[in-house]
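What follows is the residue order along each chain.
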Amino acid sequence: MTPEQEHDVPEGFKVFGVQDGLFGLVGPVFGRITDGEAHLGFRVAEKHLNPTRTCHGGMLATLVDVQIGFGSAVALKQQKFFPTINLNCDFLAPVLTGQWVEGRTEVVRATPRMVFCNAMLLVEGNPVLRANGIMKIPSDRDSRFEMTRPQT
Amino acid sequence: MTEDVPAGFRPARLPAPFIEGNGPMFWRDEDGYLILGIRVEPRHTNAGGTLHGGMLMTVVDMQLNSSLNYQLDTGLFIPTVSINVDFLAPAVAGDWVQGRTEVLKRGGSTVFTDCRIIKQDGTLIARAAGIFKLPRNGDPNALDPKELFK
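Chains as they are written, first to last, in our numbering: chain P, 482 to 633; chain F, 113 to 262.
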């Protein structure tokens, strides 16, 4: 897949995340915020594959880890990183090279210091990964989790 | 690529383009268990400078999955059905992280596992449970386990 094809994304998606860490390595990953909801996505390329030539579970888990954290932060209108406490991923269906994978988050409950959410990764509207996550909401005094650099 | 690994670890031959890109991972035997490890590098981190949760999920997935190949002595490709990971402590660039897997139950087509991932000082950074599906014998994707870990 050429870089042009990797950047062939639905309207409104922009490159997401800091590029000097994991998303620079496994990305590009794209993000879009519509109606107060954050959606992350990527197009499966050769570098994402496992030995059976479908998308590696680690890549899908990587996307959904950020989908739950960033998705919950956007839903709760907070400019912070929410560190993951627990992530449970069910791998529902294989994903093939060239397919666009897109996530969505549903916040089930938020307390002052915790968020419980569900997330789904979809390909052409069909679920390929179901996740639920628990994140910690950092205190306002904890500077480690401030979102100091723009994500999209 | 850093080759700065603890004594006894050798590069793991994990034939997945995704792991070739974010590895290398290393392995050694410990009492018949497969210990899979990785040196955390800046490219594995998140915006907060700690090991990215997605990379930790990848390490967990490979630790569980490769242990099945090693400890059940099979070259079958064993797809992940579900993994559940508790994130207990962060790791930073320079840390060595490694895991060990218990196979709890091997059924006819389903395997239940759990694993723990620790840092070089023994700090527990993740606890995970995984469910895997055993393919039928004759799986065209099967490899020789002796080729994977030698």
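Calculated from the structure, these hints are not laboratory results.
Keep in mind it's a predicted model, so treat the numbers as computed, not measured.
Mixed in with the good hints, there may be bad ones.
Said to hold, decoys possible - Straight-line Cα separation of at most 30 angstroms, DSSO-like style, residue types lysine-lysine; simulated pairs:
{"#": "1", "chain 1": "P", "residue 1": "Lys-528", "chain 2": "F", "residue 2": "Lys-231"}
{"#": "2", "chain 1": "P", "residue 1": "Lys-617", "chain 2": "F", "residue 2": "Lys-262"}
{"#": "3", "chain 1": "P", "residue 1": "Lys-528", "chain 2": "P", "residue 2": "Lys-495"}
Against the structure, the hints come out as follows:
Of the pairs offered as hints, the one joining Lys-528/P and Lys-231/F holds, with about 27 angstroms between alpha carbons and a cut-off of 30 angstroms not exceeded. Of the pairs offered as hints, the one joining Lys-617/P and Lys-262/F is violated, with about 42 angstroms between alpha carbons and a cut-off of 30 angstroms exceeded. Taking the CA atoms of Lys-528/P and Lys-495/P, the gap is near 20 angstroms; set against the 30 angstroms cutoff, the hint holds.
Hint compliance for this structure: hint 2 alone is broken.
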